[in-house]
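Trainee: This is what each chain is made of:
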Amino acid sequence: MSTTGLYAYAITRGLDSAAVAEQSGIGGRPVRLVEREGLAVVVSEVDLEEFGEDGLRRNLEDLAWLEMVALAHDDVARFSAARAPTAPLRLATVFLGEDSVRAQLAEWHEQAELALDRIQGRTEWSVKAYSDPSARPAPAASGGDATSGAAAGEGAGKAYLMQRRAATQRREHTAEEDARIAEALHAELAGLATMSQRLGPQDPRLSGYTGVMILNGTYLLDDAQVELFTRTAIELGERHVHIRLEVGGPWPPYSFSSLDAS
Amino acid sequence: MAAVLLLVAGRVMNETGTRSTTPAPDEVWLAGSLGSERSHDTRYGGLVSRPTEASTSAPLQRMALVDLLDRLLGAGVVISGDLVISLSGVELVQIRLHALIASVRAEMIVYE
Numbered sequence: 001m002s003t004t005g006l007y008a009y010a011i012t013r014g015l016d017s018a019a020v021a022e023q024s025g026i027g028g029r030p031v032r033l034v035e036r037e038g039l040a041v042v043v044s045e046v047d048l049e050e051f052g053e054d055g056l057r058r059n060l061e062d063l064a065w066l067e068m069v070a071l072a073h074d075d076v077a078r079f080s081a082a083r084a085p086t087a088p089l090r091l092a093t094v095f096l097g098e099d100s101v102r103a104q105l106a107e108w109h110e111q112a113e114l115a116l117d118r119i120q121g122r123t124e125w126s127v128k129a130y131s132d133p134s135a136r137p138a139p140a141a142s143g144g145d146a147t148s149g150a151a152a153g154e155g156a157g158k159a160y161l162m163q164r165r166a167a168t169q170r171r172e173h174t175a176e177e178d179a180r181i182a183e184a185l186h187a188e189l190a191g192l193a194t195m196s197q198r199l200g201p202q203d204p205r206l207s208g209y210t211g212v213m214i215l216n217g218t219y220l221l222d223d224a225q226v227e228l229f230t231r232t233a234i235e236l237g238e239r240h241v242h243i244r245l246e247v248g249g250p251w252p253p254y255s256f257s258s259l260d261a262s
Numbered sequence: 001m002a003a004v005l006l007l008v009a010g011r012v013m014n015e016t017g018t019r020s021t022t023p024a025p026d027e028v029w030l031a032g033s034l035g036s037e038r039s040h041d042t043r044y045g046g047l048v049s050r051p052t053e054a055s056t057s058a059p060l061q062r063m064a065l066v067d068l069l070d071r072l073l074g075a076g077v078v079i080s081g082d083l084v085i086s087l088s089g090v091e092l093v094q095i096r097l098h099a100l101i102a103s104v105r106a107e108m109i110v111y112e
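As given, the protein sequences belong to chains G and A, one line each in that order.
The first sequence begins at 1 in our numbering and counts up one residue at a time.
The second sequence begins at 1 in our numbering and counts up one residue at a time.
The set of hints was computed from the structure by calculation and includes no laboratory data.
No experiment lies behind these values; they were computed from the predicted model shown.
Treat the hints with care, since some could be wrong.
To give a feel for the contact side, a few chain G residues facing chain A, derived at Cβ under 8 Å [what the hints assert, rightly or not]:
1. Ser-196
2. Arg-198
3. Pro-252
From the derived model, a few chain G residues whose C-beta atoms are all more than 10 Å from chain A [as the list claims (entries may be wrong)]:
4. Arg-32
5. Glu-67
6. Ala-70
7. Arg-136
8. Gln-169
9. Thr-174
10. Asn-216
Cβ atoms here follow ideal geometry from the backbone N, Cα and C, with glycine treated the same way.
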């Protein structure tokens, strides 16, 4: 026997319930709204064999399944966000039925209204900065001094050690400098955004980038802020030879929809 | 194994003239993929366009899976302890994901 639950994609306000019929959700199932006091949760039916607690535990380890669900979630979030203020929910938020959705919506109501006010008419943009150490201009004389000093009379072993130490110091210096650059980039971009956040650097195995991700910033922008923000990001990307900037967006406001965010 | 991770890079096209209030939408393209039974190119590749019936703003773009998971599993999205089924083990999931990723690493091919 298999029972169905409701997968909740997002909280929204003012989305036309007839319009959502155009959009399908996970597994191609039709999307609908569960409404209460002017707010709505965008849902579609899912099989609880697959999305129940045991099913989730099993399936979340399956990257292909995770990808399927995440992309469907994003499809619905983008559909909704293109039409009405939309606060996307976390992946795999599943309810047993409409009553429990409404009960939750009642509890969320006040904070959800605030979250929707915060993101209304705004989109999320990402700026990532990568440092490529090999593209960095050659360091000043410090490394050379250490090596030549040792080579003068202390033997190859010591010279090697000093060279190693100098290389380590250079790397540390580089990392510190990159951290300062990232901080400055983020500060400048955040100043042009409504809200901002720094996410942790991504695993290069996941995103396939080369170099070191020194900034994974995300920014909430008004439509009117977009042009200056993106132009500034491009200019900032040209400021340092060894730093590459990557701009993404506009996206639904995933990072700024938290109900408890101030 | 169907585990697939794609690099989709976003780049702002610095076009001039065509739009007055908004910049050109980001160009999103497929930069790398792994072999899989399913083709992901249609999901990720090329410019993604969506009619802008809602507003004057640029259409919302698809994002790379890694960026999406960053947000859907990470902080900044809603979760409540009151849900009938709550995903309480988010940290656990991330750890498992990392383990899974490590296991498929050898199969990863990156196309430039």
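Trainee: With reference to the structure, classify each hint as holding or not holding.
Mentor: Do the hints match the structure? See the list:
no. : hint    : verdict
1   : Ser-196 : 12 Å, violated
2   : Arg-198 : 11 Å, violated
3   : Pro-252 : 6 Å, holds
4   : Arg-32  : 18 Å, holds
5   : Glu-67  : 6 Å, violated
6   : Ala-70  : 5 Å, violated
7   : Arg-136 : 22 Å, holds
8   : Gln-169 : 31 Å, holds
9   : Thr-174 : 24 Å, holds
10  : Asn-216 : 8 Å, violated
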